[in-house]
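All chains, please: the whole structure from these sequences, using the hints.
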Amino acid sequence: MTMLSPGANAPLAQGPLTATVGFTPVAGADLDVSAFLLGANGKVRGDADMCFFGQTVVANGAVQLSQSAPGRVVFSLDLDRLDAAVEKVALTATIYENKARFAAFPHLTLSVSGGIEAPIPTQGMQETALILGEFYRREGAWKFRCVAQGFAGGLEPLATHFGVEIAAPPASPPATPAPVPTPPAPVSLSKITLDKSRTSISLEKKGDGDFGEIKINLNWNRPTASGGLFSGLLGRSGGVDLDVGCLFELQDGRKGVIQALGKAFGSFDGAPYIHLMGDDRTGAVRDGEWLRINGKEWRNIRRVLVYAFIYQGVPNWNATDGVVTLFAPGQPPIEVRVSEEGGNLGCCAIALLENVAGSVKVSREVRFFQDQQQVDRAYQWGLRWSAGSK
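252 is the number that our numbering gives to position 156 of the sequence shown; each next residue is one higher, with no gaps.
Hints are computed from structural coordinates only; laboratory data are not their basis.
Under the rule of at most 35 angstroms between Cα atoms (straight-line distance), these lysine-lysine pairs were calculated in the DSBU-like manner:
1. Lys-239 / Lys-292
2. Lys-457 / Lys-292
3. Lys-457 / Lys-311
Pair ranges (Cβ atoms, derived):
4. Arg-350 / Gly-150: 53 to 61 angstroms
5. Val-122 / Met-373: 42 to 50 angstroms
6. Gly-167 / Gly-211: 18 to 26 angstroms
7. Gln-347 / Pro-166: 49 to 57 angstroms
8. Lys-351 / Gly-124: 56 to 64 angstroms
These numbers come from a predicted model, not from an experiment. The beta-carbon is built from N, C-alpha and C at its ideal position, and this holds for glycine as well.
Here it is as structure tokens:
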């Protein structure tokens with residue numbers, strides 16, 4: 097038996113297989129399971145690529161909702177029969193009419209024939225839709241990945257996200273010509289938190305390799321603060337000064353550091369394509385500190401290690417209530433909290449961004465060190481350090 101945690105993957109045996117979603121039924125809340133056949137762009141080719149209770153057989157029988165009973169839904173899949181344009185099959189679960197939240201389903205499991213088991217962690221989950229897992233092609237073979245990603249809004253916005261056109265209910269003709277409607281805002285995925293149970297995730301790779309502007313925010317100890325890769329890190333009163341920075345390595349071998357200490361603010365449009373947006377030394381800036389990475393130039397970047405350090409104002413990380421959030425266009429925000437441990441060590445390596453075959457792999461680190469030089473040694477960056485000031 098292969099047990100998969102969120103983000104983990106496993107190879108699949110050749111031939112037809114079944115995928116079974118098991119759960120404990122909840123009174124008054126119906127759980128619906130669907131499958132979406134997706135191309136390289138992460139979208140369906142048409143409504144015929146959605147397999148659900150209203151369309152149980154698609155792709156000439158290659159994907160079928162073969163059995164549905166209280167607490168158990170079974171899909172039959174023959175992945176090798178799928179058209180070559182289909183690169184991924186995503187399995188999802190939604191709560192009908194949003195009558196409950198997934199926190200009400202504590203025993204949710206996705207099993208794949210051949211001995212793959214993927215328990216879906218739902219504790220505290222307030223979303224009404226989930227991307228459970230996905231079958232995907234890799235070098236001519238099929239693999240399976242446990243996703244366990246929450247999605248707000250239920251089946252309709254989830255289907256819209258995958259490119260399915262949802263028919264609006266019929267309406268009576270207006271007495272006077274109606275104004276041209278404003279196009280709906282794009283559906284946003286729910287926030288993803290990387291913790292000890294889910295340590296990494298890859299940003300969705302676009303065809304042109306352009307990830308847009310990737311923004312990383314550090315913030316602290318403000319219950320009313322909103323988002324930010326580092327939002328909420330420390331209390332903003334009393335002269336608290338937390339700093340965000342990063343080590344970088346480019347594909348041509350150049351390495352360096354971006355941080356306010358030493359006034360190494362970097363550059364967004366030129367190498368290293370990473371820019372620190374100022375330095376909040378007073379704690380008065382409500383939205384914290386920001387790093388910007390030029391995702392259009394991601395092909396030139398090998399890896400980026402994001403860290404934060406206590407410059408002044410608090411004795412240890414337990415006094416900070418800190419969090420880091422990464423934002424990328426069209427992607428769910430990725431959050432990493434850093435205040436749960438650390439003791440008196442003043443520097444925390446928070447997240448590692450790696451260029452893996454052109455994608456952006458984000459891994460939670462949350463490792464504590466005395467200073468940036470020790471971070472350098474631990475991750476074998478090999479820089480020469482000297483005392484600096486702001």
